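Using the sequences and the accompanying hints, generate a full structural model.
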Amino acid sequence: MTTKIVIGLDGTETGERAIAFAKEQAKLIGTCELLVVYVIEWSPYTFQTPEENALRHKRREEELDLATSRIVTPAVDALKAAGFKAQGIVRHGDVAETLNAITVEEGGSQIVVGRSSADGIKKRLFGSSTQNLVMHADVPVTVVN
Amino acid sequence: MRMLKQLGAATAAAITANPALAQEAPGLDEKINQTFANLTGPFVSFIFAPLPGTSFPWIVMWLVVAASVFTLYFAFVQMRFFSHAISLVKGDYSDPNDAGEVSHFQALATALSGTVGLGNIAGVAVAVGIGGPGATFWMILAGLLGMASKFTECTLGVKYRNEYEDGTVSGGPMYYMSKGFTELGLPGGKILAVLFSIFCILGALGGGNMFQANQAHQQIAGIVGDYPGWITGLVFAVVVFMVIVGGLKSIARVTEKVVPFMGVMYVLTALVIILMNADMIGWAFGQIFAGAFTGLGVAGGMVGALIQGFKRAAFSNEAGVGSAAIAHSAVRTKEPITEGFVSLLEPFIDTVVICTMTALVIIITQQMIIDPQTGNYMLNETGTAIATVDGNSGVSLTSAAFGSAFSWFPYILAIAVILFAFSTMISWSYYGLKAWTYLFGEGHTKELVFKVIFCIFVVIGAAANLGPVIDFSDAAIFAMAVVNVFALYFLMKVVRQELASYSERLKSGEIRKFSH
Numbered sequence: 001m002t003t004k005i006v007i008g009l010d011g012t013e014t015g016e017r018a019i020a021f022a023k024e025q026a027k028l029i030g031t032c033e034l035l036v037v038y039v040i041e042w043s044p045y046t047f048q049t050p051e052e053n054a055l056r057h058k059r060r061e062e063e064l065d066l067a068t069s070r071i072v073t074p075a076v077d078a079l080k081a082a083g084f085k086a087q088g089i090v091r092h093g094d095v096a097e098t099l100n101a102i103t104v105e106e107g108g109s110q111i112v113v114g115r116s117s118a119d120g121i122k123k124r125l126f127g128s129s130t131q132n133l134v135m136h137a138d139v140p141v142t143v144v145n
Numbered sequence: 146m147r148m149l150k151q152l153g154a155a156t157a158a159a160i161t162a163n164p165a166l167a168q169e170a171p172g173l174d175e176k177i178n179q180t181f182a183n184l185t186g187p188f189v190s191f192i193f194a195p196l197p198g199t200s201f202p203w204i205v206m207w208l209v210v211a212a213s214v215f216t217l218y219f220a221f222v223q224m225r226f227f228s229h230a231i232s233l234v235k236g237d238y239s240d241p242n243d244a245g246e247v248s249h250f251q252a253l254a255t256a257l258s259g260t261v262g263l264g265n266i267a268g269v270a271v272a273v274g275i276g277g278p279g280a281t282f283w284m285i286l287a288g289l290l291g292m293a294s295k296f297t298e299c300t301l302g303v304k305y306r307n308e309y310e311d312g313t314v315s316g317g318p319m320y321y322m323s324k325g326f327t328e329l330g331l332p333g334g335k336i337l338a339v340l341f342s343i344f345c346i347l348g349a350l351g352g353g354n355m356f357q358a359n360q361a362h363q364q365i366a367g368i369v370g371d372y373p374g375w376i377t378g379l380v381f382a383v384v385v386f387m388v389i390v391g392g393l394k395s396i397a398r399v400t401e402k403v404v405p406f407m408g409v410m411y412v413l414t415a416l417v418i419i420l421m422n423a424d425m426i427g428w429a430f431g432q433i434f435a436g437a438f439t440g441l442g443v444a445g446g447m448v449g450a451l452i453q454g455f456k457r458a459a460f461s462n463e464a465g466v467g468s469a470a471i472a473h474s475a476v477r478t479k480e481p482i483t484e485g486f487v488s489l490l491e492p493f494i495d496t497v498v499i500c501t502m503t504a505l506v507i508i509i510t511q512q513m514i515i516d517p518q519t520g521n522y523m524l525n526e527t528g529t530a531i532a533t534v535d536g537n538s539g540v541s542l543t544s545a546a547f548g549s550a551f552s553w554f555p556y557i558l559a560i561a562v563i564l565f566a567f568s569t570m571i572s573w574s575y576y577g578l579k580a581w582t583y584l585f586g587e588g589h590t591k592e593l594v595f596k597v598i599f600c601i602f603v604v605i606g607a608a609a610n611l612g613p614v615i616d617f618s619d620a621a622i623f624a625m626a627v628v629n630v631f632a633l634y635f636l637m638k639v640v641r642q643e644l645a646s647y648s649e650r651l652k653s654g655e656i657r658k659f660s661h
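First to last, the sequence lines map onto chains A and B.
The opening position of the first sequence corresponds to residue 1 in our numbering, with each subsequent residue numbered one higher.
The opening position of the second sequence corresponds to residue 146 in our numbering, with each subsequent residue numbered one higher.
Derived from the structure by calculation, the hints contain no laboratory data.
Quantities reported herein were computed from a predicted structural model and do not represent experimental measurements.
Just so you know, even glycine gets a beta-carbon here, dropped at the ideal spot from N, CA and C.
It is possible that some hints are incorrect.
Said to hold, decoys possible - Now the in silico label distances, taken between C-beta atoms and shown as ranges:
no. : chain 1 : residue 1 : chain 2 : residue 2 : range
1   : B       : A645      : A       : R115      : 50 to 58 Å
2   : A       : V104      : B       : R650      : 22 to 30 Å
3   : B       : P332      : A       : P74       : 51 to 59 Å
To be verified - The following residues of chain A were derived to be distant from chain B, with all beta-carbon distances above 12 Å:
no. : residue
4   : D10
5   : G11
6   : T12
7   : F21
8   : G30
9   : E33
10  : V39
11  : P50
12  : Q110
13  : M135
Below is the structure:
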C-alpha cells in the first residue's frame with residue numbers, strides 16, 4: 001500500500017522546508033505519495049455586502065486559479081521532476097480543519113506543515129492554524145521550523 | 146425600516162392643513178415639494194387608500210392575504226421546514242467542495258442587514274403606541290405568515306437568476322417575472338418586470354436612501370445639536386460613494402460586521418430588561434393577548450390593534466416586496482429551494498424576535514399610561530394614540546423605554562440607527578442597481594450613472610424635509626409588492642413542484658448531511 005504524506009503550504013518559505021522534510025520522509029518510506037495542499041482561509045459565517053455576494057463565485061474561481069498556478073502546481077511539478085509521485089489540492093475553509101479533513105478523505109497517514117506566523121492579537125486569542133492543527137488532527141503532524 | 150409613511154403623511158397633512166403657512170414662505174424647496182406632491186399625490190393616495198368603510202390600507206391587506214395564501218398553499222412550510230432551515234444555515238448540508246461560495250448564512254445575514262433597522266426600533270413603537278400591546282400579537286401573526294411569502298419569492302429568485310460568463314449573477318423578481326412567465330407560456334412577464342424595476346429604482350432612491358439619510362441626520366442632530374442636514378448628507382454620500390463606486394470594501398465590511406453586533410446587542414439588552422422585570426412577563430403577555438382581542442381602550446379598539454400590528458410587520462420585514470429575492474439570489478446552490486427555506490427565517494428574526502423584544506420592553510417598562518380606575522390605557526389629548534410617560538412616540542418612545550432601565554442606552558441606540566441606516570442604503574443601492582441594469586443593460590458607464598444618482602439623493606434626503614417625495618418613494622416600495630405578489634400567484638406552482646421534489650429526496654436520504 002502506498003503511504004500518503006500531506007504537505008500543508010501557506011505560500012511562505014516555511015512551506016519549502018516542509019516540502020524538503022516530506023521528501024526526506026518519502027525517501028525513507030519508499031512507496032510514498034506526496035499530497036500538496038493549499039487552504040485558502042475562508043469562513044461561511046462572515047458578513048458581506050450584496051455586491052460581494054454577487055461577485056463571490058467569480059472571486060472564488062480567481063482565488064483557486066491563483067493558488068493553483070502560483071503555489072501548488074509549481075510545487076507538484078518540482079516534486080514530480082525530482083522523481084516523486086505527487087498531486088495538488090486547493091480548497092477554501094478553516095486552515096486546520098480543512099487540512100485535516102482532506103487528509104482523512106485522501107487516506108493520508110501524516111501531515112507536514114511549516115511553522116506559520118499569525119499576527120499578535122489573533123494568535124493570542126485563537127491560536128495559530130498550526131497550533132489548532134496539532135491539537136485536533138486525526139493523524140500525526142510534523143511542524144517544521 | 147418603514148416609518149416613513151407616518152412621517153410623510155404627517156408632513157403632507159401639515160402642508161394641506163396649513164396652506165397659509167406654505168404661502169408665507171414660498172421658498173424653492175416649498176415649490177418643489179408642492180409640485181412634486183401634486184404630480185405624485187394620486188399615486189400615493191391610490192397605494193395607501195383604505196379599504197372602503199375602514200381605515201385599513203388595502204396594500205397591507207394585499208400583503209397579508211398573499212402571506213396567508215402562500216402559507217396554506219405550501220401547507221405551513223414555515224413550520225414544517227423551520228428546523229431544516231436552521232440546519233442549512235449551520236452548513237450541515239453544504240458540500241465541502243463548494244467551500245468558498247456564498248454560504249446560506251452569508252446570504253441570510255446580507256438580506257437581514259437590509260431589512261433590520263428603523264422598522265424594528267421606531268415602527269414597533271408607533272404600532273404599540275397607537276394600537277396598544279395587542280398590536281404585538283397581530284404583528285407576530287403577520288410575521289409568521291410573511292415567512293411563506295419570503296420562501297416563495299426567494300426560491301424563485303434563485304431559480305430564475307441570470308448567471309453570466311464571467312461568473313457574476315443577477316437575480317430578483319424582474320428575472321423570475323420575465324423568464325418564469327415565458328417558461329409557463331404566460332404573456333406579460335416582461336411588462337411586469339419593467340414595472341417592477343421602475344418601482345424598485347424609485348423605492349431604492351426613496352425609502353432605501355433619502356429616508357435613511359434623513360433619519361440618520363435627525364439622530365446625529367439629536368445628540369450634537371441642530372446643524373444643516375446637507376453636511377450629514379455630504380459625509381454619508383462620500384462614504385456611500387467610496388463603497389459602491391470606489392469599491393472601498395473595508396468600510397462596507399466594518400459596517401457589515403458592526404450591524405449584526407448592534408442587532409445582537411439590541412436583542413440582548415432587551416432580554417436583560419425583560420429578565421430584570423421577570424415578574425411582569427406574565428402580565429405583559431396578558432396585556433398582549435387581552436389587547437389583541439379587546440383593544441384595552443386603544444383608539445379603534447381591537448381593529449385598531451390589528452391594523453397597526455399588520456401594518457408594521459409588513460413594513461418591517463418586506464415579505465412580498467421582492468427586495469429579499471434580489472439579495473438571496475447570489476447563493477450558488479444546486480437546489481434553489483434551499484435558499485427559500487433559509488429566507489423564511491428572515492421575517493422570523495426581524496418581526497417575531499426583534500420587533501417583539503422592542504414591544505415587550507415598551508410594555509414592561511410601562512411607558513404607556515394605564516388608567517388605574519378601568520385598567521385600560523389612557524389616550525393622549527388628541528385621542529389618536531396612547532398617552533406615554535413623557536409624551537414620546539416613535540424612536541424616542543423606544544429610546545425612553547430602554548433608557549428607563551439603562552440611562553446610557555439611548556446613545557447606543559442612536560449609533561445603531563445611524564449604522565442601520567447606512568447598511569440599508571448599501572443594500573438598497575444594490576437592489577436599485579439590479580433593477581437599473583435590468584432596464585438599461587449591464588455596463589460600467591450605465592452602472593456608474595445610477596450610483597452617482599444614488600449618492601446625489603443621499604444629500605437631498607438628508608438636507609431637505611421632503612414629505613411628499615418620501616411619501617412617494619414609500620408608495621413605490623409597496624407598488625413593488627403589488628407587481629411582485631401578482632407574479633408570485635402565477636409562479637407559485639413552480640415552487641410547489643420544487644418543494645415536492647426536494648421533500649421526497651430529503652425523505653429518501655438522497656439529500657443528506659455532510660460530515661464536517
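Going down the list of hints, with the structure as the test:
no., hint, in the structure
1, A645(B) / R115(A): 50 to 58 Å, "54 Å, holds"
2, V104(A) / R650(B): 22 to 30 Å, "27 Å, holds"
3, P332(B) / P74(A): 51 to 59 Å, "57 Å, holds"
4, D10, "17 Å, holds"
5, G11, "16 Å, holds"
6, T12, "21 Å, holds"
7, F21, "27 Å, holds"
8, G30, "31 Å, holds"
9, E33, "21 Å, holds"
10, V39, "9 Å, violated"
11, P50, "4 Å, violated"
12, Q110, "21 Å, holds"
13, M135, "17 Å, holds"
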